[in-house]
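Chains A and B supply the protein sequences, listed in that same order.
If you count the first sequence from 1, position 15 lands on 15 in the numbering used here, and the numbers rise without skipping.
If you count the second sequence from 1, position 33 lands on 33 in the numbering used here, and the numbers rise without skipping.
Keep in mind the hints are simulated off the structure, nothing from the lab.
In this text the structure is predicted, and so the values were computed from the model without any measurement.
C-beta: ideal position from N, C-alpha, C; glycine also.
Keep in mind that the hints are not guaranteed to be accurate.
Here are the in silico distance ranges between beta carbons for each label pair [said to hold, decoys possible]:
1. 248/A <-> 114/B: 37 to 43 Å
2. 271/A <-> 118/B: 50 to 56 Å
3. 65/B <-> 14/A: 42 to 48 Å
4. 250/B <-> 239/A: 30 to 36 Å
5. 27/B <-> 241/A: 31 to 37 Å
6. 248/A <-> 60/B: 44 to 50 Å
7. 82/A <-> 99/B: 41 to 47 Å
8. 241/A <-> 77/B: 35 to 41 Å
9. 270/A <-> 97/B: 42 to 48 Å
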Amino acid sequence: MTADAVSAPAKAPFLLRPFQLIGRTVLGGFREIGRIAAFSGGVLIACITPVIYIREVLRQCLKVGYYSLPVVGLTAVFIGAALALNIYTGGSRFNAEQFVPNIVVLGITRELGPVLAGLMLAGRVSAGIAAEIGAMRVTEQIDALLTLSAKPSRYLYAPRVIAGILTLPLLVVVADIIGVLGGYLVAVGALDFNGSLYLKNSWAFVTGNDIWSGIIKAAVFGGIISLMGCYQGDRSKGGAGGVGRAATLAVVGAAVLILASNYILTSIFVRVGL
Amino acid sequence: MIDFSAKPILELRDVHKAFGAKRVLRGVDLKVAAGQSLVIIGGSGTGKSVTIKSALGLVTPDKGEIYFDGERVKSAKTIGTLRRRTGMLFQGGALFDSLTVWENVAFALLYRDSVSRGEAKKRAIENLAKVRLPASAADLRPAELSGGMQKRVALARAIIAKPDLIFFDEPTTGLDPITADAVNNLIVEQVKALGAAAVSITHDMASVRKIADEVAMLHEGKIVWRGPVSALDNSGNPFIDQFVNGRAEGPIQPAI
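Put together the whole structure using the sequences plus the hints.
Next comes the structure, spelled out in structure tokens:
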């Protein structure tokens with residue numbers, strides 16, 4: 001094919017090139033935010049309007065939720081155990097060792113459970129979704145879907161996002177229980193706590209608000225993880241290298257957005273007293 | 001010769017498409033009559049795939065008009081109508097890895113026409129038989145099939161909804177000559193059985209001679225020759241002569 005030059009970007013004078021670079025980067029950033037927002041809007045509309053492919057949603061719930069249980073459980077048990085040790089060590093400086101169960105349960109339910117489960121799933125699920133959809137894009141499977149009158153937003157993306165939003169809260173509830181159990185094992189096994197008293201203190205201290213705030217965060221993180229995977233997969237091009245790049249971008253994007261939205265959600269919860 | 005006094009099933013008028021600085025299509029004009037098999041030939045990167053992707057609404061042309069069965073294809077509704085009445089066989093098959101063979105074949109029935117799974121599977125197996133695949137292949141995954149079998153599954157998927165027009169993108173690429181000939185035979189047989197029109201793109205001259213009623217040559221984003229397949233060997237057109245005889249010397253520059 002003969003390529004004709006249709007237009008070439010104007011080159012700025014040498015001294016102005018740094019400004020041109022800054023401008024191009026900023027504009028590129030805004031363009032990307034706009035693209036993500038438009039993509040997310042389309043997918044979220046597909047999530048709440050018929051037709052919803054229930055079989056696909058269930059299949060994705062299995063992949064996103066059930067198969068993530070081991071990694072989330074292992075993360076939670078070790079974090080709960082390490083948290084108990086740290087709080088014991090720190091608390092002993094001002095004779096506050098007895099607060100270990102209270103702070104472990106608070107830390108796990110409000111913060112560490114949802115954030116760490118979210119970050120683990122960003123690695124496992126977001127990358128997986130991006131790689132799967134990216135491979136579908138480069139092998140023309142997404143074009144094939146379109147020719148068969150199936151919208152990718154409805155058939156591919158919405159089931160994954162619904163599965164993320166539904167299953168991460170359930171995973172976080174499991175992570176909360178296992179995380180508290182991790183703290184319990186260390187407290188009873190290594191720090192000479194009374195087992196029944198530890199559990200009684202944990203249960204008495206935790207409130208419905210603590211658990212709900214973690215669950216709400218988890219639902220938001222679940223949506224972010226799936227959306228970033230779908231978005232990067234959808235935009236991938238250029239063969240195996242492009243698919244790998246999409247997976248990397250999905251993990252990085254999901255992790256950053258989880259941490260940023262965690263701060264925003266925590267600020268809102270503090271303000272409204274949740 | 002094909003009678004164009006009747007309304008063509010597909011028509012492209014002055015279609016242009018550029019990707020960045022690369023102008024791929026520079027005014028493609030094409031008519032396909034109902035029941036006709038048109039094969040588009042041309043060197044690598046001349047815009048053959050972009051032409052059929054434009055016709056299917058997978059690529060939006062920068063300029064030009066596309067008509068399907070006399071209606072201009074522009075809105076989501078008209079693109080939807082076109083896709084419901086067409087089938088497409090992609091170069092690599094583009095079978096869905098996560099679904100079984102029968103779910104691939106019956107995809108349009110399951111997800112578009114809301115046919116029950118039992119009925120859809122029955123019709124998928126019937127269509128697999130049409131492309132000489134046994135019912136035992138129905139529950140396999142695409143990755144468990146050979147390249148030739150994948151092409152046949154893709155053909156079964158393209159014909160299951162009885163389309164009026166089928167697009168074939170390099171249907172024999174990557175196949176040995178014997179399997180390629182078998183796939184060509186199946187294409188001719190199934191297109192004729194449906195009474196559908198077909199638009200194929202290929203480099204394979206054996207395929208061209210087997211499946212084409214007419215041939216159009218695309219060069220630098222334009223149709224430079226069109227005629228019946230019987231005229232290929234004495235067209236008097238330097239582009240066609242070079243392509244048909246596979247010579248590096250001539251008006252078409254090799255894509256290396």
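Hint-by-hint comparison with the structure:
A C-beta distance of roughly 39 Å is found between residue 248/A and residue 114/B, which places it inside the suggested range of 37 to 43 Å. Between residue 271/A and residue 118/B the beta carbons are some 55 Å apart, a value that agrees with the proposed interval 50 to 56 Å. As the Cβ distance of residue 65/B to residue 14/A is approximately 46 Å, the hint placing it in 42 to 48 Å holds. The hinted range of 30 to 36 Å is satisfied by residue 250/B and residue 239/A, whose Cβ atoms lie roughly 31 Å apart.
Checked against the hint of 31 to 37 Å, the C-beta distance between residue 27/B and residue 241/A comes to roughly 34 Å, which is consistent with it. Checked against the hint of 44 to 50 Å, the pair residue 248/A and residue 60/B fails, with Cβ atoms roughly 29 Å apart. With their beta carbons about 43 Å apart, residue 82/A and residue 99/B fall inside the hinted range of 41 to 47 Å. Between residue 241/A and residue 77/B the CB atoms are about 38 Å apart, so this pair conforms to the stated range of 35 to 41 Å.
Separation of residue 270/A from residue 97/B is about 46 Å and conforms to the stated range, judged on CB atoms against 42 to 48 Å.
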